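Asker: Spelled out, the chains give:
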Amino acid sequence: MRPADLLASSWRAIRSHKMRSALTMLGIVVGIASVVLTVGLGLGTQKDVSEQIAALGSDLLIVSPGSSTDESGMRGGFGSGTTLTRADADALASTVAVPDALAVAAEKTASVSLEYGESNWTTTVTGTSTSWPEVRSRELLYGTFFTDEDVASGASVIVLGAETAEELFGTAAVVGQDVTIDDDTYEVVGVLSEAGSSGDTSLDDMAVVPMTTLVEQLDDSGSSESVATIYIKAAASNLLSAASQEAESLLLNLHGIASADGADFTIDVQDSLLDAATSVYQKLTVLLTGIAALALLVGGIGVMNIMLVSVTERTREIGLRKALGAAPANIRNQFLIEAMILGLSGGAIGVAIGVGLALALPTVLGSTIVISGLALVVSVVVAVGIGAVFGVYPAARAAKLAPIDALRDQ
Amino acid sequence: MTATAITPFETVAPVIELSGARKTYHTGDIEFEALRGIDCRIYPGEYVAIVGPSGSGKSTLMNILGCLDVLTSGSYVLAGEDVSHMDEVALASARNRRIGFVFQQFHLLSSLTALGNVELPLIYAGVAPAERRKRAMVALERVGLGDKSRNHPGQLSGGQQQRVAIARALVTEPAIVLADEPTGNLDSHSTRDVLGMLDDLHAEGSTIVLITHESDVAARAGTVYNVTDGQFVGMGTEIAK
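Just so you know, the protein sequences line up as chains A and B, in that order. Counted from 1, the first sequence has number 271 at position 271 by this note's numbering; the numbering is strictly sequential. Converting from the second sequence to this note's numbering requires adding 1000 to each position, the first position being numbered 1.
If you are wondering where the hints come from, they were derived from the structure by calculation, not from laboratory data. Among the clues, some could well be false.
Here chain A is said to cover these stretches of chain B; the calculated rule only asks that three of the stretch's residues, wherever they fall, bring their Cβ under 8 Å from a Cβ of chain A [to be verified]:
#1 1017 to 1025
#2 1094 to 1101
#3 1123 to 1137
One side only, chain B facing chain A, incomplete, derived with CB under 10 Å [unchecked claim]:
#4 I1030
#5 R1041
#6 S1054
#7 S1059
#8 N1063
#9 E1088
#10 V1089
#11 L1091
#12 Q1105
#13 H1107
#14 L1108
#15 L1109
#16 S1110
#17 L1112
#18 G1116
#19 T1172
As the structure is a prediction and not an experimental result, all values here were calculated from the model. No residue lacks a Cβ here, since even glycine has one placed at the ideal position from N, Cα and C.
Okay, chain A solo, but in the shape it has when bound (with noise of 0.2 Å):
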């Protein structure tokens, strides 16, 4: 038997049988658009999650004083070491020790209260260096960040967050406006843009002094080099990790620790929040596609029992098919062949549905999808699959009925 003669068969009895075929192919139809949606989902949050992430300053390595790894620990320890100072940062700054560094910004901190004529606002203001708002991806909404010439000076000039400017001035737009802290002026040189929230700390309620001003004028806790975090942005995230050994091996160095097991600092990887996440949407999407998995299967046992119904429906025409000289392979192709057509149009119609919805949803949940083509691709393989695997049962069925008792079937 030719094989074209074997396909034209085949999508023949499936073509007189439109309402049957159209059945078997629900059950494919629903568990592909499903798991199209599901993986596409679960792609899509991975994405938002990451851009969000990625959007507080991913590629960022914190180096925190002290040897604490705990996460808690090393939030509690602002300020309370003293092994990181201002000469740290300086050094990690340069391009020769730490080659893969962008950006490198120390950052110390104290809590103050802002005044503007009758209206006060207690905040934490940090002291840095002109390259914060790039090592922390932030950007001015007004104004600009202060310049090296302030930080050498200690000039008295300060960027408020947009929030801390809402609350002291009742708007953001306060550029060349005057703070006071502890009777003494700063004027107001830019406000940043809004950054949202990072766990329970405000990204827009706060204050940035150069570093001098802080230690200076505002910084009562005695130890006027020590820095409470320092924070180096590599320059590409995939450069994270060596730029990373060159932090602590230059840090080591400058410490004289021999061992990497005796730091008196520790280094942070901020991506390693993205690994979690990323991690927590993984389980997400293996959970939503096995969910889907289970609906493929169930409509894959669909596919079965009605194409036993069709076998034994069709006792007769095989039997007649087997008397003029089909082998009982070529029953089994014909069959197992037609479950595999109604694989791939199930598969077909139920990735066009699932793209349908993935692309109609957004818009209603506000939640992205992320259609993938390798996702689609492998949905339609995999409905083909399903239907080759639970048509084997029905095909052998059908290649082993005797033609004396298939043609005698009424």
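With chain A held as given, fit chain B onto it using these hints.
Answerer: Okay, now just chain B, sitting in the frame of chain A:
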């Protein structure tokens, strides 16, 4: 379509040669001997009727002759080929090449046109589409249905459907046409029509084996074998015409 030119009963080898043919069915512990040693030779160009009441073993014999079943013991040589011990695949091929079936219930596929039904055996023989269509058309014309090739079975009368089935039986140029109660589902007019067609085929040289329980139908054949209790009763009776 040329039927093989034959000079019957002289030098040629038989188309069908059954020797000591036995068929035993087992149903649980019960054994049933459907055929109890049948010997029979049918020569090219013969028109043979096999008659007998139901339960006589007539249907079993038809299944054996049609290569739809195999013997328990004895041998069956069909057109020079011993089919007694063939497996399913070889039997399918033997049916395809050697036998043209005509069934009581026509057994046409309703989803196919008359032409498509006649083409069916050629599909399993692996004949290319153009050649297939040509040969099927010739067979349909031979049974007088050249103008109905595009009709589906549902659009044809019973007699016409059986003629399509005869065309399907002829299209492979088989060694024998095996007709199993071909008029059982037909009215008297169509019965005459179909039997007349078998007469014509015989006249053109086809070998025909007709299985029936109606003696007036059997009377059309040249030789009649009577099956009772799985055995031939007497040898073939030649019918004087």
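Asker: Could you run down the list of hints and mark each one as holding or not?
Answerer: Here is how each hint holds up against the structure:
1. 1017 to 1025: Answer violated; 0 residues pass the 8 Å Cβ test.
2. 1094 to 1101: holds (count 4)
3. 1123 to 1137: holds (count 6)
4. I1030: violated, 18 Å
5. R1041: violated, 24 Å
6. S1054: violated, 13 Å
7. S1059: With Cβ-Cβ at 9 Å, under 10 Å, it holds.
8. N1063: holds, 5 Å
9. E1088: holds, 6 Å
10. V1089: With Cβ-Cβ at 5 Å, under 10 Å, it holds.
11. L1091: holds, 9 Å
12. Q1105: Cβ of Q1105 of chain B sits 8 Å from chain A, so the hint holds.
13. H1107: Since the shortest Cβ distance to chain A is 5 Å, the answer is holds.
14. L1108: holds, 8 Å
15. L1109: holds, 6 Å
16. S1110: holds, 8 Å
17. L1112: Since the shortest Cβ distance to chain A is 8 Å, the answer is holds.
18. G1116: holds, 9 Å
19. T1172: holds, 8 Å
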